Amino acid sequence: MALEERDPVTGRLTTGHQWNGIKELNTPVPRVVYVFLILTITFGLVYALCMPAIPLGRTYTKGILGYDERTAVQRDLEGAAAAKAPWHDALDRLDYRELAADPVVMQEIRETGRFLFGQNCAACHGINASGNRGFPNLAGGALNWGDTPEAIEQTIRVGVNSSHPESRIAQMPAFGQDGILQRPEVDAVVAYVHDLSREGIDASRQRHPAGQEIFKAQCAACHGAEARGNSDLGAPNLTDRTWLYGGDIQTILDTVWQGRQGQMPSWESRLGARNIKLLSAYVSSLRKE
Amino acid sequence: MFKLHYRLERRAIGMTLAIICAASVGGFVEIAPLFTIDQTVEAAPDMRVYTPLELAGRNIYMREGCYACHSQMIRTLRDEVERYGHYSLAVESKYDHPMLWGSKRTGPDIAPLGGKYSDEWHVRHLLNPREVVRVSIMPSYAWLMDNDLRIDDLSGQLAAQHAVGVPYTPDMIRHAADDAYGQANPDSNRVAGVRARYDDNTNIRAFDGIADRLTEMDALVAYLQILGRLTDASNLDPVGKDLE
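Line order of the protein sequences matches chains E and S.
Counting in the numbering used here, the first sequence runs from 1 upward without gaps.
Counting in the numbering used here, the second sequence runs from 1 upward without gaps.
Just chain E, with the same shape it has in the complex:
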C-alpha cells in the first residue's frame, strides 16, 4: 500500500487506506477554517489578558482593563443618580404642596412614579390604582388612614398590621365568631350599617333603632357616633360609598361576624425615604385627576 497515492480524477493525494475497495481523499482543510481558528484563539488570548479570566486558587487574574461587574453597576447607578440629581434635590427639599405646584418636578414624579407603582403597588392596588376587594382604591375612594400626602407617606412607610415596629394597627374584631354579639344583634347592626350609606344616617336610625343602639355601644368607639370613621384608628367612614370589602348585606355580615385584619407591608427598608415620598406624591396626583 503506497503512502503517496494520487487520485487521477481530482489530483488529490489519498489517505493511503482502503475500505472494501473505497479510498479516501486526503483533502486539505480549507484556508478559511485556519483563519477563523487563528482569529478565535487570538481573541481568546487577548480577552483573557484584558478581562478577569483564570482562577488562581483564592483569587483570579484581574486582567489589564480591571473590569469588575460590581464596580460597573455602581458606576452606572451613580451616573443615573447624577442625571436625576436636579429633580431628586427638589423632591427632597420641597413639601407636598410645593411639589404639586412645580410642573417640571411633577412630570418626573409621574414618569418615575408610574414604574415604581407598577413594580411595587400594582399587584394589590391594580395598575390603575383602582383597588380590589380588600385592597383600597387609591385613585378615587376614601382612604381609611387619611388621604393627605403626609398620611399616605406614613402608611407606605410603616404599613398596616405589618412587622414594622411603628406599624399602623387596625383590627376589626370578630363580633360574631368571638361571641361578643349574638346573631340577632349582629343582624340588627348589619341592617343599620347597610342603610347608612344608602338611605342616610337619619333614615337608617329611624328604620333600625335596635341596630343603632348596638352600633352606639359596640362600633361607635372606632367608627364614631355619626359613623364617619376615624382616620387615626384606620376605621372607615360607613356613610360614604367606599367599601373595602363590599357594601352588600352578606359582605357586611361577614365583616362583622369574622372581623377583618387587612394587611399592608411596610416599604421603608425596601424603597427608602425618597422613593416613598415620590410614591406619595404620585398617588396624591392620581387622586386629583
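Just so you know, these hints were derived from the structure itself, not from any lab.
Note that the coordinates shown come from a computational prediction; the quantities given were computed from them, not determined experimentally.
Quick reminder that beta carbons are idealized off the backbone N, C-alpha and C, glycines included.
Not everything, but these chain E residues come out facing chain S in the computed CB check (under 7 Å):
#1 Pro55
#2 Gly57
#3 Arg58
#4 Glu69
#5 Arg70
#6 Val73
#7 Asp76
#8 Leu77
#9 Gln119
#10 Ala123
#11 Cys124
#12 Asn132
#13 Gln263
#14 Pro265
Please build the complex by placing chain S on the supplied structure of chain E, with the hints as guidance.
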C-alpha cells in the same frame, strides 16, 4: 502547522492522552473554584436556615416548576438593581440545594419577594392570579389549598440537606414534622419548639388563613415570604441604596 496533529492522529495511545489533557482543561476551570468556595462566598453571620415548613414549600416550588417562569437572581445590571433592588449575593443561596436561580423570566424575578405582599394576597394570587392581577398569564394553583401537606418525610428532607452541608442540628431533624405544624398554627402548643429551635425572625402564622389545617398552601406561602430574607447581607451593603 498540522504536521504534529497529523502524526498524533496515527497513534491511538498518544491521541487518547491528548484528548484527556484537552478535555480536562474545561473541567479544571469549572471545578477549581469550588475548592475555595469558603473564601469566595461572602460572610453573613445572620444567615439562617430554612425551617421545615419553608423547605417543604421550596420542594413544592420545584414540583410545580415555578422556576421555569420565575428567576431568583438579580443580576449586576443597572435596570435590574433599579427595578428589584440590590443584586443577588452568593451567600443568599448558600443553603439552596439545588439553587433555583433560573434563567427564564416569563414572570418577574422573585429573589426579594419575602414580605413584599401580604399572605392573603399570595393565597388569592395562587388560587386565581387574574383576581388580583388582571393581565397575569400565570396558571392557577388552586389545589395547593386542597392538599394536606405531607410532613412525615420532613425529617428525612432535613437530614438530606444536612448531609450536603446545611447546619441543621439533630434536634431540628428529629422535630421537623412538629415544627412544620407549629409554624403554620400560631395557637398550637408546638409553636414553642419552633421558637426555641429557629431564628427569632421566623414567621409564625396561619399562612393560608386557616389555623388548624396544614396545607401545601401554608408551605409555599411560608417559602415565598422568606425569599431574600434569610440574611440581611444585601441590605447592609450600601450599593444602590439612595441612588435609585
